[in-house]
Amino acid sequence: MQALSWAAAGGIVLHAFLSIGGQTRIGGAPQADHRLAQQQNQQEDEKLLAHIAALVGQLTPEAEKTFQTWERAVLAWQKEPESGVGAKLASGVLYDCLTRLHNVWPPALSDHKDILVWAIPEKREKQAIEALRSALRLDPDNPEARFRLDRLLAPKVRSATMDLQRLAADASTTPFDYLAAMTLAEIASSTKDPQSAERWYERAVALFPRSTAARIALSALRPSAEKPFVTELHEDPFYEYPCRVMTPAVSVALSQRLRTEGLK
Amino acid sequence: MRNAACIIAALVATVEAGIQQPKFSSETALVRLIVSVNDDNGTVRGLKNSEFVVTDNGQKQLVTVDEGKDAPLDIMVVAQPKQSISATSPEQAARMFNGLASLFTRFQDTDRIGVILAGAPPARLRALQPGRVSFDEQSFLNGDYGAPFDAIAGALSEFEVSDRRQALIAFTAGVDFRSSLTPDVLAQTVKRGGPALIFVAAPIKVETQFGPLGGPARGVVSGWNFPVAIRALAATTGGLTVDLGRGDPQKLISDLLDRLRTQYVVAYAAPQGKGWHAVSVKVTKRGAIATSRAGYWVD
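The listed protein sequences correspond, in order, to chains A and Z. Mapping the first sequence onto the numbering used here, position 116 (from 1) lands on 116, and the numbers just tick up by one. Mapping the second sequence onto the numbering used here, position 269 (from 1) lands on 269, and the numbers just tick up by one.
The hints are simulated quantities; they were obtained by calculation from the structure and are not laboratory data. This one's a predicted model, so the numbers in the text were calculated from it and none came from an experiment. There could be a bad hint or two in this list.
[Unchecked claim] Derived list of chain Z stretches under chain A, where covered just means 3 residues or more per stretch with a C-beta under 8 Å from a C-beta of chain A:
no.: 1; region: 84–98
no.: 2; region: 139–150
no.: 3; region: 163–177
no.: 4; region: 180–187
[Said to hold, decoys possible] Residues of chain A clear of chain Z, computed beta-carbon distances all greater than 10 Å:
no.: 5; residue: Gln-68
no.: 6; residue: Ala-76
no.: 7; residue: Ser-172
no.: 8; residue: Leu-263
[Unchecked claim] Partial selection, computed: residues in chain Z whose CB lies under 10 Å from chain A:
no.: 9; residue: Pro-121
no.: 10; residue: Glu-158
no.: 11; residue: Arg-192
no.: 12; residue: Pro-203
no.: 13; residue: Pro-227
Don't be surprised by glycine CBs; every beta carbon is placed ideally from N, CA and C.
Looking at chain A on its own, in the form it has when it is part of the complex:
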């Protein structure tokens, strides 16, 4: 058994016990290969420890089961004849949602035994991108698939940023125009461009005047902004969309399949 520990700031100590059990990770390799493999194992252990250091939570079994049911539902749906864009979009939303579970041990889906734990977020992002691209191949004008794909690709992919700008200018795509403006504001914030962030948050408020998210963000960026809490609690699509299919027909079809899978 290999035991690794270190003291993080504030006197917090994390322990990771990597039990290799009775089997080695490098069986019968020549000595040089053995050393190389040992180095690789050490690097993997270091990545694991870095991953664990950022952890602050673990989903409960019930919460984890929700994701597993969702995965089974979309996998079964994709096998249905003429499953269409709905199955691809529902799959893309699942993986998109999973990319957001920062600082939490990722839920175990059907492929978790084949992925190194620190590689899971990247894998889920690739799966989301792949599913959303598949949806767009079937329906190039699907605004939800377009928005979600662009959000994942921007700002690295310039065309994705431009797509988001077009979406934010197209009121016919509500609520994705609003969500695109919010995303552009977040990108501007992350690239240390507060002026552009303010402009996009203001655009978001123009598109969805009851936006709590945009008003709060403006209050953080601009001390002179109005207080954000001026109305009663109401729904804001910005807080709903991360883990919910926003296209009504697809949402209904997914709900039916989730019920079916949940009963199994």
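Given chain A, work out where chain Z should sit, using these hints.
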């Protein structure tokens, strides 16, 4: 955010000036720092001006000190919906709500209290206003998800300029999948000034088995932790993290309120210069540690 001026108070009234205290005219712009001083036995009281060593961008400052004995507080309480905490740990949720209920019983009539539900979206349950407020758990059962970083930003905007001891107490370990604002953006916001950020949680034990590491490997991971970004926000603002898993939650909350009510206010004439002013506050008393914000920003 309207609270930046609690650090830079322009045109403030004359500060009470006694023997060997600096005199500030009504035209003097002041830097006003809230400072906690603690040692192994708890709060350290009775310190004089001469026992504080304060630098602003490395320059030693002539300060005046006001010690709080039972000072009225301005507190914004931010708490996630119970279900959003239970999703990662029911045990954590129980501890945090025990601590939250305890906090509400320890406010005084002279305090001003506001409450934000850090749901998705965040909602204001009570604006910052005088008078006690009773804890109603039902108010925190609305919603399955939390957006604590957005809620904290919204709560900061509720503070008004005041000479009271101000703090934002957030019941969250920082697990947030929904907020628009990141800890990085919040860090920029709180650098301008404002109240101390105090994070209260029962960071959870993570135990899991993980998959192969280039081969068959199984293991258990465990840790109790506030995210680094949370600890940094607390440190920047002169706040702290309170781990309710490390003792009796009621005692920990009681100690926290005592600490807030006995903070010193340290004031000095605002030095020239725009941008970031790094502040250091130390005390000469052996074994005592002073905690204050790391600095402030002048536009």
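Hint check:
no.: 1; hint: 84–98; result: holds (count 5)
no.: 2; hint: 139–150; result: holds (count 4)
no.: 3; hint: 163–177; result: holds (count 5)
no.: 4; hint: 180–187; result: holds (count 6)
no.: 5; hint: Gln-68; result: 15 Å, holds
no.: 6; hint: Ala-76; result: 24 Å, holds
no.: 7; hint: Ser-172; result: 24 Å, holds
no.: 8; hint: Leu-263; result: 22 Å, holds
no.: 9; hint: Pro-121; result: 4 Å, holds
no.: 10; hint: Glu-158; result: 7 Å, holds
no.: 11; hint: Arg-192; result: 7 Å, holds
no.: 12; hint: Pro-203; result: 6 Å, holds
no.: 13; hint: Pro-227; result: 5 Å, holds
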